[in-house]
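Q: Sequence:
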Amino acid sequence: MQNKKPKISIIIPVYNSEKYIKQCLDSILQNTYTDYEILLINDGSKDNSLTILEDYKIKDGRIKVVDKENQGVAPTRNLGISMAQGEYVIFIDNDDFIDSDYLETYLKEIEKNKSDIVIGGYKRTNKEKVLFSDYPRDNKWGKYIILAPWAKIYRKSFLLENKIQFLDYPIGEDVYFNLKAFNFTKKISSINYTGYNWFYNGESVSNTSQKGFSQKINIIYFLNKLLEIAKNSQENEYFKYYIKRYYIWYLLFSGRQASADEFMNQYYTIKNWIQEKGLESKLNPLSNKLSGENYKNRLIVLIFRFLEKIHLLPIFAKLYCQKR
Numbered sequence: 001m002q003n004k005k006p007k008i009s010i011i012i013p014v015y016n017s018e019k020y021i022k023q024c025l026d027s028i029l030q031n032t033y034t035d036y037e038i039l040l041i042n043d044g045s046k047d048n049s050l051t052i053l054e055d056y057k058i059k060d061g062r063i064k065v066v067d068k069e070n071q072g073v074a075p076t077r078n079l080g081i082s083m084a085q086g087e088y089v090i091f092i093d094n095d096d097f098i099d100s101d102y103l104e105t106y107l108k109e110i111e112k113n114k115s116d117i118v119i120g121g122y123k124r125t126n127k128e129k130v131l132f133s134d135y136p137r138d139n140k141w142g143k144y145i146i147l148a149p150w151a152k153i154y155r156k157s158f159l160l161e162n163k164i165q166f167l168d169y170p171i172g173e174d175v176y177f178n179l180k181a182f183n184f185t186k187k188i189s190s191i192n193y194t195g196y197n198w199f200y201n202g203e204s205v206s207n208t209s210q211k212g213f214s215q216k217i218n219i220i221y222f223l224n225k226l227l228e229i230a231k232n233s234q235e236n237e238y239f240k241y242y243i244k245r246y247y248i249w250y251l252l253f254s255g256r257q258a259s260a261d262e263f264m265n266q267y268y269t270i271k272n273w274i275q276e277k278g279l280e281s282k283l284n285p286l287s288n289k290l291s292g293e294n295y296k297n298r299l300i301v302l303i304f305r306f307l308e309k310i311h312l313l314p315i316f317a318k319l320y321c322q323k324r
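Under the numbering used here, think of the first position of the sequence shown as 1, with each following residue one higher.
Please note that a few of the clues may not be correct.
Stated by the list, open to error - For lysine-lysine, the following DSBU-like pairs were computed, each having C-alpha atoms within a straight-line distance of at most 35 Å: (1) Lys129 to Lys108; (2) Lys216 to Lys114; (3) Lys59 to Lys5; (4) Lys225 to Lys140; (5) Lys123 to Lys186; (6) Lys5 to Lys282; (7) Lys64 to Lys46; (8) Lys46 to Lys108; (9) Lys296 to Lys240; (10) Lys323 to Lys156; (11) Lys108 to Lys68; (12) Lys4 to Lys127; (13) Lys129 to Lys271; (14) Lys5 to Lys186; (15) Lys19 to Lys140; (16) Lys140 to Lys289; (17) Lys282 to Lys296; (18) Lys22 to Lys282; (19) Lys163 to Lys46; (20) Lys140 to Lys57; (21) Lys309 to Lys163; (22) Lys112 to Lys123; (23) Lys108 to Lys186; (24) Lys129 to Lys112; (25) Lys108 to Lys296; (26) Lys140 to Lys4; (27) Lys5 to Lys22; (28) Lys289 to Lys129; (29) Lys186 to Lys225; (30) Lys4 to Lys123; (31) Lys7 to Lys129; (32) Lys271 to Lys127; (33) Lys19 to Lys186; (34) Lys123 to Lys140; (35) Lys114 to Lys46; (36) Lys318 to Lys108; (37) Lys309 to Lys289; (38) Lys225 to Lys59; (39) Lys112 to Lys4.
It is worth saying that the hints were derived from the structure and are not from the lab.
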């Protein structure tokens, strides 16, 4: 007799997470809902992570461990999707953790509404406290607010039927995944729930790999990939604004450790692409159409647009960029 398939598959890519993975796994095992499998995919960790994973596997039969060479988070998550036995898929990062009602809350919502995707919120935490929290609003802009794969549940058949996978690229693999998913369904639900704890880990890949403009990243290649999957979208003004918001984040995040010349070269390259593709956003950052967007993000875009209009961006770059 075959074992009954679990309702939920929880996919966790693991890379050098010996300090954090126990907290992550314990939070799952303490959940009120129990019909799940945990797919722990060790992506070539160089620390003691694999030993910890194997210890947990021995303790709980719902845990499966895969050990493979380092490929990065996108191929690792894609492998998880192909392995998943559950009807639904949930992604958790190896240094994050969830509240005890997390699985139950998402499962109830996706089954109640027969959704393909349910989007929730998160708490940004460190070892001492919650730094801030956010959740998507139930409107056209709301689904763009949180484009990480976590704080969501997906119907696995929907992902497989539409060949929705993470883009194997150094940035934006999760943005690509979710924008592509949004383009294939209108059955998306949002919940005002912040049961995902996004743990601030200064050593994580996402906090270290993009400081400075990497030669491995061609921002125009990535933007073209986004345009490929969004070209049939009827929400053009929201997509255009998202591109605006994204490239400002990219410049500010990666450009801090770059030179002013590098910053401006990247900026002009992006602006030329936007003009060529007709993607200039006319949405005011203070518009009610962006309901749910936090005021910090609105203010950043507003100031950046102002600096563009009065041609002071080169001066800003000289003050902001730290590489001399």
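Q: Each hint should be assessed against the structure and marked as holding or not.
A: Going through the hints against the structure:
no.	hint	in the structure
1	Lys129 to Lys108	holds (29 Å)
2	Lys216 to Lys114	violated (40 Å)
3	Lys59 to Lys5	holds (19 Å)
4	Lys225 to Lys140	holds (22 Å)
5	Lys123 to Lys186	holds (26 Å)
6	Lys5 to Lys282	violated (49 Å)
7	Lys64 to Lys46	holds (20 Å)
8	Lys46 to Lys108	violated (38 Å)
9	Lys296 to Lys240	holds (19 Å)
10	Lys323 to Lys156	violated (45 Å)
11	Lys108 to Lys68	holds (34 Å)
12	Lys4 to Lys127	violated (38 Å)
13	Lys129 to Lys271	violated (39 Å)
14	Lys5 to Lys186	holds (27 Å)
15	Lys19 to Lys140	violated (39 Å)
16	Lys140 to Lys289	holds (8 Å)
17	Lys282 to Lys296	holds (19 Å)
18	Lys22 to Lys282	violated (46 Å)
19	Lys163 to Lys46	holds (32 Å)
20	Lys140 to Lys57	violated (42 Å)
21	Lys309 to Lys163	violated (41 Å)
22	Lys112 to Lys123	holds (25 Å)
23	Lys108 to Lys186	holds (19 Å)
24	Lys129 to Lys112	holds (33 Å)
25	Lys108 to Lys296	holds (32 Å)
26	Lys140 to Lys4	violated (38 Å)
27	Lys5 to Lys22	holds (25 Å)
28	Lys289 to Lys129	holds (32 Å)
29	Lys186 to Lys225	holds (21 Å)
30	Lys4 to Lys123	holds (34 Å)
31	Lys7 to Lys129	holds (33 Å)
32	Lys271 to Lys127	violated (40 Å)
33	Lys19 to Lys186	violated (39 Å)
34	Lys123 to Lys140	holds (22 Å)
35	Lys114 to Lys46	violated (41 Å)
36	Lys318 to Lys108	violated (51 Å)
37	Lys309 to Lys289	holds (22 Å)
38	Lys225 to Lys59	violated (42 Å)
39	Lys112 to Lys4	holds (22 Å)
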